[in-house]
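Chains as they are written, first to last, in this note's numbering: chain D, 1 to 184; chain W, 185 to 283.
It should be emphasised that the hints constitute simulated quantities derived from the structure, not laboratory data.
It cannot be assumed that every hint is accurate.
[Said to hold, decoys possible] Here are the simulated lysine to aspartate or glutamate pairs, EDC-like style, with alpha carbons at most 20 angstroms apart:
1) D:Lys5 x W:Asp245
2) W:Lys220 x D:Asp15
3) W:Lys219 x D:Glu28
4) W:Lys251 x W:Glu214
5) W:Lys219 x W:Asp245
6) W:Lys220 x D:Asp88
7) W:Lys219 x D:Asp13
8) D:Lys5 x W:Glu276
9) W:Lys220 x W:Asp245
10) D:Lys5 x W:Asp190
11) W:Lys220 x D:Glu28
Bear in mind the structure is a predicted one, so any value in this text is a computation, not a measurement.
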Amino acid sequence: MIDSKEASAALADIDDIVQRVKQSQLYELASLAAVWWGVVVFAANLVTWLWPIYAVYAWVAADALGVGGLIALRVLNPPHRHHGAGLDVRLLLVFVLFFALGYLCTNVVGHFGPRQLGAFWPIYFMLFYTLAGLWFGYAFVAIGLGISALTLIGFFYIGEAFPLWMAFVNGGGLILGGLWMRRI
Amino acid sequence: MAELDDIIHQPLRLKIMAALNALPATAGLEFARLKKLTGATDGNLGAHIETLAKAGYVSVDKAFVGKKPQTTVTATAAGRGAFARHVATLQEIIAGKQV
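Isolated chain W, as found in the complex (with noise of 0.2 angstroms):
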């Protein structure tokens, strides 16, 4: 029987995740662009990302646009296996196969 993803479960991550997913696999988003999709402030998107991150689930890259710093965080493979197990999980929830 597999589990729910504790991680991705909180829901501003799956929301993170779920953005990410939608991508091609190299593709990423910038943090403004993140921010924007999931509603979120700048502290709670950077802390959640974080967590993300350790978890190897995330890339973050920073990089100089001009003057500006710039932010792109990026779905792992680990990262889209992960949030395909867990909204697999979801589907099996609905199902009627756990409870």
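Isolated chain D (complex conformation) (with noise of 0.2 angstroms):
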């Protein structure tokens, strides 16, 4: 028989390794969102650079298919645990509001060009990735700052290459972010 210090070092052992488990799960399936939405934020930025006049239509597209992507991913991968309908609807909210508060910063506060807004919405959307990171696991916090980090950097000294920059920058950083994902 083992005393209570070995049974208690025996239960850190587990709840350790639970978490492992959690996360590793956790990273299973971001890593796949990061995939899609880099390949679409690529593509998007590819678009913008080519062909300006098309800007908007890319965007609008990538917007719809990086959200349809990630309720696909839901759907095909239910949580274990089921949370009931509130959490969809909680999910939901959060696309909601993300939009809604970035359309109110930079079209009704304020009225960015397109550099401010290649500039904007991937720091904006890298704060949610950083901000998840405190709970959720450090390669969050650094595939978020690493992006927000390269994304000033190419505003404030790429010049009328920055769609392309935020091409590789955005959308490849995230692809790459996401395979790394796999690999912890």
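Assembly of the complex is requested from the two constituent chains, each provided in isolation within its own frame, with the hints serving as guidance.
Printed below as a string of structure tokens:
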């Protein structure tokens, strides 16, 4: 028989491994989402750079495809414990509030031009990524801060090729970040 | 008075069972993922999985994904039950119900 100290250590080992399994599963799903958004954002930035007059349509399509992909991911990978309809409604509200606040900042409070919009949305998106990372794992923080920093560098130092820079930094960054998450 | 399960109590086997038990009933973990989670070596992990499989606590499925062999380990109902009893016994020891 073991003593209570050894029993506590064994339970701590169990807690530790359970947390690691949960994080590993979260990273697996998050990596798929990141790669999907990365592909979509890469394409939208490329369209913005090559055919600026179609940029608005490209970004509306990108947002629809991005959110649609996340919904599909959620449907194909239902949570292991059913949280009820409340969680899905809350998730939907997160997207609505996210885009509503972004629109308010860029079109109502301020009147952002294409370059400002190209910097604002990735940094705004990455802010949530970084904040989520404070609870769910350092990979989100690293990806969020990394892409935000590179976006700012591009905003201040890259000229007309800024959308192309963002295709690689934001789109490519999310794809690489997502693939990296799978290896952690 | 409940007894600790000698098969599960070994530290690496405890980690394996804890990891598998954290998944839904029918879900398993790939060998490579289990290796990363537990920090074990290939040989050590393989040997302990075999011990758990012989006890009927896990099932091992080997398949090919493309040309790559893939081993998936899943906790059986018996394994989940044994793990739950083992954890309950550990909690009893901490609560001072067992000496």
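Outcome of the hint check:
1. Only pairs whose Cα atoms come within 20 angstroms are accepted, and lysine 5 of chain D paired with aspartate 245 of chain W is rejected, the gap being roughly 36 angstroms.
2. With a C-alpha separation of about 16 angstroms, the suggested pairing of lysine 220 of chain W with aspartate 15 of chain D holds against the 20 angstroms cut-off.
3. Restraint check: the Cα-Cα separation between lysine 219 of chain W and glutamate 28 of chain D comes to about 16 angstroms, which is no more than 20 angstroms; the hinted pair holds.
4. Proposed proximity of lysine 251 of chain W and glutamate 214 of chain W is supported: the alpha carbons are some 16 angstroms apart, at most 20 angstroms.
5. Taken as a hint, the lysine 219 of chain W and aspartate 245 of chain W pair is honoured in the structure, with Cα atoms around 16 angstroms apart against an allowance of 20 angstroms.
6. This hinted pair does not check out: lysine 220 of chain W and aspartate 88 of chain D have alpha carbons roughly 32 angstroms apart, beyond 20 angstroms.
7. Restraint check: the Cα-Cα separation between lysine 219 of chain W and aspartate 13 of chain D comes to about 15 angstroms, which is no more than 20 angstroms; the hinted pair holds.
8. The hinted pair formed by lysine 5 of chain D and glutamate 276 of chain W meets the criterion: a straight-line CA distance of about 12 angstroms does not exceed 20 angstroms.
9. Restraint check for lysine 220 of chain W and aspartate 245 of chain W: satisfied, since their Cα atoms lie roughly 19 angstroms apart, inside the 20 angstroms limit.
10. Simply put, lysine 5 of chain D and aspartate 190 of chain W have alpha-carbon atoms about 18 angstroms apart, close enough for the 20 angstroms limit, and the pair holds.
11. This hinted pair checks out: lysine 220 of chain W and glutamate 28 of chain D have alpha carbons roughly 14 angstroms apart, not beyond 20 angstroms.
Checked against the numbered hints given earlier, the structure breaks hints 1, 6 and satisfies all the rest.
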